[in-house]
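Asker: The lines below spell out each chain.
There are 2 protein chains.
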Amino acid sequence: MTKLFIGVDGGGTKTLTVVIDEQGNELGRHHSGGSNHHSVGEELAREAIFEGIKETVKKAGGSLSDVARVCLGISGIDRPEDQVLVGTWMNDILPSVTYDVSNDAVIALASGTMGKLYGCVIISGTGCIAYGFNRQGKSTRSAGWGPLLGDEGAGYQVGFDMLKAIVSAKDETRPKTLMTDKVLTQLCMKSEDELITWAYDPKNQGWQKFAQLAPIATECALAGDVAAQQVLDKNVQAMVEYIQSVFVKLGLDKESESVPLVLAGGNIERECLYSNQLKASIAKILPNAKPVFPSCDSGKGAALLALEKYKSASTAEK
Amino acid sequence: MTKLFIGVDGGGTKTLTVVIDEQGNELGRHHSGGSNHHSVGEELAREAIFEGIKETVKKAGGSLSDVARVCLGISGIDRPEDQVLVGTWMNDILPSVTYDVSNDAVIALASGTMGKLYGCVIISGTGCIAYGFNRQGKSTRSAGWGPLLGDEGAGYQVGFDMLKAIVSAKDETRPKTLMTDKVLTQLCMKSEDELITWAYDPKNQGWQKFAQLAPIATECALAGDVAAQQVLDKNVQAMVEYIQSVFVKLGLDKESESVPLVLAGGNIERECLYSNQLKASIAKILPNAKPVFPSCDSGKGAALLALEKYKSASTAEK
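From first to last, the protein sequence lines are chains A and B.
Residue numbering for the first sequence follows our numbering, beginning at 18 and increasing consecutively.
Residue numbering for the second sequence follows our numbering, beginning at 18 and increasing consecutively.
Keep in mind the hints are simulated off the structure, nothing from the lab.
For every residue, glycine included, the Cβ atom is placed at its ideal position computed from N, Cα and C.
Any given hint might turn out to be false.
Beta-carbon label-pair distances, calculated as ranges [stated by the list, open to error]: (1) S56/A with K71/B: 22 to 30 Å; (2) R152/B with Q203/A: 38 to 46 Å; (3) Q40/A with K251/B: 51 to 59 Å; (4) K71/B with L61/A: 29 to 37 Å; (5) Q229/A with G241/B: 40 to 48 Å; (6) S329/A with L201/B: 34 to 42 Å; (7) M131/A with S56/B: 51 to 59 Å.
Next up, chain A with everything else stripped away, as it sits in the complex (with noise of 0.2 Å):
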């Protein structure tokens, strides 16, 4: 039997689990619930991950003693208790295994890398986030604070932008823009005023709904409008930021050949307008970033991950 390597996506409600072979071919995947134990709870948390791993290998026709490693990407695991608690899981049921625990951000930048840890991502899903690695391992990032401390970049950020766009063109201190109508439909209402209750409703708290609005920003500004052009460009304009503070805090500016530069999450996928404003602005200022969008998702990019520290480790020890 090969060898198998597992990457784990994990999140609040849903875990990825992905198996691949000692030459990078996927051989199964399974979704199953939530894996992050804040949300879930411990057991919950635990069971996803071990019904992701059993099933996996089982598709991949295996056994859990042709597991050669694991790398699980797991939201809201951040502290080193968090780590500690999922160190006690791997033990129970891959005693003998060589694991790692990373976050989000390392997995997407592995999604498009083919399971390197060099260079940068930068993610614009619900949240914003870049992070990086340069060619002695050292890891940075810029960002992810979350919504109130900032992260513009961010699909909440976007929302909460076109929504002060447009309660400034009803206010008359700003001009009126397409994106008033396009919201209020969406959000099925008369007028303006009733964004309020929307907004600080108590039975419908969650920065989901506001980063739910984003797609219409774009959408305006293809159109033509200001406002909404005004939006992304201020958002851009912070990504490239976060971007350019990663390069320099890790010299991969310095860098003589390509850096490659992952654009992940849902705003940012490819050909759209917000990803290829993106992208001319990294080449103005990091002419060496090299932007390529994933090749794969989270899941396959943590099973690359543990594939290419397995070898690293073999090479190591030769």
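Please build the complex by placing chain B on the supplied structure of chain A, with the hints as guidance.
Answerer: Chain B in isolation, oriented as in the chain A frame:
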């Protein structure tokens, strides 16, 4: 016995009631519990208003039959059904007395104009709103949308902008700022990372905690901190725009005589950097705006408003 005029400044946690005579002299005041029924419930809100009216009339040495007019400014009383509710309370305690129910901004304006509803008020407290009346009695507002939809100039927005400057300095996307040490000290934190737990703490929600950081921005700007000055500039600029839009919408900018601009709320008190900057910016853009600070609190402003309305009605009858 002189006629009595009663003003009520009602909030979520406390209510101030003030009684004056026909010459505008204060005869008594009383503090009772919250009278925003959304916060404390109908029973307690009604009781807080009854208590305030009864106690101030007693302090004035009069009786309920001496009350000539009442003006209530109560937070959270925006919808028609809220106004109807307050009407049923007033009918219970003072069935034959004319009363007005306004929002907080109206009685804040009155606190700077000796009860006349003419001109504009800008309030920068925890939130921010601009509100005005022209000579024809037409009113309008700008801002007042709350922390997620805008309201720059508000205490919480100054706080958000400060925190963004601090985390951006940590990310090295913005220069270092004096605000970092001052804010971390005030919040008893060792590093910026602790801001995340503090900002999103489900046990310590609410926007007041962000607004409480605002005085540090002024302090740091006075010490020459560029980032702090930028925070103030941005928020002052927004307030100028709100004021300008109220002036333009009401035609106040076209008045040949000076128009009162009342500067109210804890962030723009007399002779502070923030209000001085605001006054300087307004002088350039709206030369006929005459900035004034409230000459009394909003409770007395409400009482003066009741007196002015009584006088106008009496004049109209003649």
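Asker: Can you name, in rising order, the numbers of the hints this structure does not satisfy?
Answerer: Numbers 1 and 4 - these are the hints that the structure violates, sorted from lowest upward.
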